[in-house]
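Just need the whole structure built from these sequences, with the hints factored in.
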Amino acid sequence: MKLTVFFISIALTFSVATASSSDFSAHLAARESRISRPFTKSTGNATDNGPLDGSTTEDLYSSNWAGGLLESPPVGQRFIDVGGTFVVPTLRGNDGAMSVWIGIDGGPNAPQSILQTGIDCYIIGGVNYFFAWFEWYPQNAFEITEFVVSAQNKITLRVQAVNSTTGIITLTNESTGQSGSLEVTAPDDDAALQGQTAEWIVEDLEQDGTLVPLPSFGQVQFTDAAAFTGVVEDFASVGVAVDMVQNGGFLATSTINENIVTVDYA
Numbered sequence: 003m004k005l006t007v008f009f010i011s012i013a014l015t016f017s018v019a020t021a022s023s024s025d026f027s028a029h030l031a032a033r034e035s036r037i038s039r040p041f042t043k044s045t046g047n048a049t050d051n052g053p054l055d056g057s058t059t060e061d062l063y064s065s066n067w068a069g070g071l072l073e074s075p076p077v078g079q080r081f082i083d084v085g086g087t088f089v090v091p092t093l094r095g096n097d098g099a100m101s102v103w104i105g106i107d108g109g110p111n112a113p114q115s116i117l118q119t120g121i122d123c124y125i126i127g128g129v130n131y132f133f134a135w136f137e138w139y140p141q142n143a144f145e146i147t148e149f150v151v152s153a154q155n156k157i158t159l160r161v162q163a164v165n166s167t168t169g170i171i172t173l174t175n176e177s178t179g180q181s182g183s184l185e186v187t188a189p190d191d192d193a194a195l196q197g198q199t200a201e202w203i204v205e206d207l208e209q210d211g212t213l214v215p216l217p218s219f220g221q222v223q224f225t226d227a228a229a230f231t232g233v234v235e236d237f238a239s240v241g242v243a244v245d246m247v248q249n250g251g252f253l254a255t256s257t258i259n260e261n262i263v264t265v266d267y268a
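So the sequence shown is numbered by this note's numbering: it starts at 3 and just counts up by one.
The hints are simulated quantities; they were obtained by calculation from the structure and are not laboratory data.
Watch out, some of these pointers could steer you wrong.
Said to hold, decoys possible - Simulated DEER-style distance windows between Cβ atoms: (1) Asn-249 x Thr-187: 37 to 45 Å; (2) Thr-92 x Asp-191: 37 to 45 Å; (3) Asn-165 x Gly-128: 24 to 32 Å; (4) Asp-190 x Ser-218: 34 to 42 Å; (5) Gly-127 x Gln-79: 44 to 52 Å; (6) Asp-192 x Val-234: 24 to 32 Å; (7) Ala-153 x Gly-232: 33 to 41 Å; (8) Gly-211 x Val-240: 32 to 40 Å.
Note that beta-carbon positions come from the ideal geometry of N, C-alpha and C, so glycine has one too.
Here is the structure:
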């Protein structure tokens with residue numbers, strides 16, 4: 003993947019303090035293999051009546067996603083620009099990990115690729131860690147070490163598709179003034195964007211193929227959540243809320259109001 007770096011803002015080095023001796027710290031140490039996953043339909047109990055099974059239930063149920071999802075653009079168009087702003091949560095309680103991101107594709111109608119950027123959030127031994135990243139799935143994520151993030155920082159994210167195999171991701175820390183963009187290319191033609199879904203997501207991360215514990219994050223709220231096709235602007239309000247369900251129980255629930263997507267820890 004070609005990377006053209008445009009970061010010209012605050013020159014800071016992002017370092018991580020030594021993690022606790024918890025087994026979960028291995029996930030932190032192995033971030034080079036970190037990867038997000040497309041929408042995964044949850045199975046069992048509460049999700050048997052999910053809308054993907056033909057129910058009239060409004061929300062979608064997923065084992066790894068919670069948030070807002072635009073399932074398709076207007077006929078004959080593609081999503082090419084997605085944006086949103088959120089406040090980095092303070093994590094509490096037991097060890098866990100999650101990611102807060104926006105992206106193009108990866109939903110039920112376009113699972114083969116995702117262009118996305120966001121912030122990974124960890125709590126290990128009571129200490130919070132945050133990492134900025136981008137990913138063109140199915141390739142692993144790339145960490146943006148120059149971009150510094152702390153709890154309660156206000157972050158604005160933007161993902162643009164220049165064409166199906168070239169994109170631009172932009173991150174702005176409204177709290178510190180740091181901002182920058184990266185031009186990225188698809189790992190191969192099979193990962194070309196379809197522009198069929200847009201999303202604002204809290205994701206449960208994986209370690210060795212297994213979902214890690216979701217930390218207590220309180221609430222994540224995406225404001226100014228909108229997607230563009232180049233012809234029209236779609237707000238998140240025309241999309242569907244996604245609830246995270248594992249083992250028959252809700253871990254996170256979502257609501258959409260105008261251009262605001264709210265995700266609450268259950």
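Consistency of the hints with the structure:
Against the hinted window of 37 to 45 Å, the Cβ-Cβ separation of Asn-249 and Thr-187 comes to about 39 Å, which satisfies the hint. A C-beta distance of roughly 42 Å is found between Thr-92 and Asp-191, which places it inside the suggested range of 37 to 45 Å. Between Asn-165 and Gly-128 the Cβ separation comes to about 45 Å, which falls outside the hinted range of 24 to 32 Å. Judged by the Cβ atoms, the range 34 to 42 Å given for Asp-190 and Ser-218 holds: they are separated by roughly 38 Å.
Between Gly-127 and Gln-79 the Cβ separation comes to about 48 Å, which falls inside the hinted range of 44 to 52 Å. Checking the proposed 24 to 32 Å range against Asp-192 and Val-234 shows it holds: the Cβ atoms sit about 29 Å from each other. Distance hint for Ala-153 and Gly-232: a CB-CB separation of about 36 Å, consistent with the stated range 33 to 41 Å. For the pair Gly-211 and Val-240, the beta carbons lie near 35 Å from each other, so the given range of 32 to 40 Å is met.
Violated hints amount to a single one, hint 3; each of the other numbered hints is respected by the structure.
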